Each structure stands twice: as structure tokens, then as C-alpha cells.
Amino acid sequence: MAAATANDDNGVDNHLKPDSEPAPANLSPPAEQKPLSKNAQKKQLKQQRYEAKKAEKKAQEKEHKRKEGERKHKEWEETLANATEEERLKLIESRKSLRKERMDKRSEEKEKKMERLTRAKEIGQNVVVDVDFAHLMSESEISSLVQQIMYCYAVNGRSTSPCHLWLTGIKGEMSRQLDKLPGFEKWFIEKESRCYIEAMADRKESLVYLTADSEAVLDELDPKSIYIIGGLVDRNRFKGITMNKAQEQGIKTAKLPIGEYMKMSSSQVLTVNQVVEILVKFMETRDWKTSFFTVIPQRKRTGVDPIDGDEDNSVEKHDLLERKKLCVEVPLESGS
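Residue numbers for the sequence shown follow UniProt numbering, so the first one is 1 and each next one is one higher.
Hint data in this document are derived by calculation from the structure and do not stem from the laboratory.
As the structure is a computational prediction, the values presented were derived from the model and not from experiment.
Among the clues, some could well be false.
[Claimed, not checked] Here are the computed lysine to any residue pairs in the SDA-like style, where the Cα-Cα straight-line distance is at most 20 Å:
#, residue 1, residue 2
1, K171, K186
2, K113, Y151
3, K224, K186
4, K171, V146
Using the sequences and the hints, build the whole thing.
Here's what the structure looks like:
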């Protein structure tokens, strides 16, 4: 499979890293750091500007949402104030009825979601996100990965053909940040503090690490295989680390067939949530082309794609909006 690995600004290296232990604490005074190269300084500045712009946009959206809520509340109060007693009662009753209808619909959707996820746990495709790399990432990088995992859970829960998600290697700062997520304790996924190689020791022959460095191309998903995605936001610091890890552990590797359907503007490296979404979309459609063009953003493609026809931009825009709907509402029981 073409890349279950790290990527651009918010990338995740799905090239997993070797099972290295955290470096021992260094009690001596820190060595003087080498000054950054001009190129590194430019990249750092670009990242800082991106983060600042992202934070500003988030604050603007929050303020807009607050003002919109106040406007609607004011309109409602004015409507009630200008209505007769009989009209007021009807308006209030109508609003209660509408709210109940929405809650019933939400409850029904949650029930159907639980049925799909339960079935996926029993007979579905197993997909592992290996998060055993917290010691290699900064706190902000771990936070970025946690957000990607939220997208994974939301996308999988909405899918008509979800996979059965695993998180392995949960410990340290990664564990602390995941525990802060609303309702995380009720997520219908498998949560393991052990590495997948230990948690799935009896199924080692079924493990397949997805990494862009593999020579094997994933043409089809094997229901008996367990696909592993490297959960590492490394800003491209750890090249080929997932491939090395898989080779050291003696497990199979594969890459997505991205190159057969489109040209990438850089390496075939994607974020964790993009890889999960591609797999889920493929399980729904059994069509790699549709899966890639639905998930991979236009900015990561370049030139003329080696396929016929252009995709409808509205599909991509719609999908981007869908991915932003982070549903963290969860089932009544935990999957682990």
C-alpha cells in the first residue's frame, strides 16, 4: 500500500519505527545545539505561520458560532414576545417536537452504528494504528496524531462497511492525551498498551505493515490479514522507520497502489486518518481509484494523473466537510 506514513504539515509517518526504548534521561547540561540551516529555518518559520493561521481561523470560527447562537436565541425570544399566548404555546410545543425528532433520529443512527461496529468486530477487516512512538515525538506532534485518530474513529463509525480498529502501544503521553478525549473510554475499538507483535503473537503470519517503502503492492484487502498503520507524526525526521521495524520483526509489508492511479506532488506518504479513510472507502466501493480521489487532497497531486477523466471537485469538497464532522459520541460499551 502506498503509504501509511508521515506526511506534510500534519503528516503521520506510517513508516513505523523500530521498537526502540526511550533514551535515558540525560542529567548533564544540554549540549549546545547546532544552528539551523537556512532551509530548516524557512521550514520552521513556515510551520509557525501555519500554526498561527490555524489558531486564528479556529478562534474566528468559534466567535462566529457564538454570535450565531446569540442571534438565533434573540430571534426566538423576539418571536415569543410578539406572539399571542396561544401562538406561544404552539411555537414551544413545535420546538419540543422538533428537538425530540432530532434526538430520536440521532439515537437510531447511533444504534445502527453500533450494529455495524459490532459486526465489524466479529467478521470485519482488522486495522491497527501503531502508536508506540510517543517517545519519538513532541507533545504537539502527539496532539496532532490524537486528532488524526479522532478522525479515524469518526470516519469508520459513519462508514457502511467499517473495519475493526485497534490502537496498540498506548502508553505514556499518548495514553494521557487519548484519555482526555470526550468519551474515549467508550470508543468501540481495541485498546492495547502492548505492541501489536505481542498482542497478536498468535497471528503474526497475518500481520501486514503498510509502508510506502515496501516493494509489495496491495491490490486487494485480505479479510484474514491484519493491516498495520504507523502512528508517527515525524515531520520527515525518520525516513524508512516503519519498513525497518517490520523487517526486524519478520512481518510482511505492503503499500497502497497509489502510483497506478495518480501522480503525487511529493512522496506517497499520507496521514494516519487518510490511510484509514482510504481503506474504509475501498471496503465500501472495492475501487482504489474512487478511494484515492475521494480522500487524497488535490494539493498532494501533481500534473496530469495517469488515468482518464477528471474527478468532480464537489465530491472532494463534500468529503472534506464530512471529515470535519468529528463525531465523538460513542457506544454504550467499550470494544476493549
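Hint check:
1. A hinted pair counts as satisfied when its Cα atoms are at most 20 Å apart, and K171 with K186 qualifies at roughly 18 Å.
2. For the suggested pair K113 and Y151, the alpha carbons sit about 16 Å apart, so the restraint of at most 20 Å is met.
3. In summary, the hint linking K224 to K186 is not supported, as the alpha carbons are separated by about 26 Å, beyond the 20 Å threshold.
4. With a C-alpha separation of about 13 Å, the suggested pairing of K171 with V146 holds against the 20 Å cut-off.
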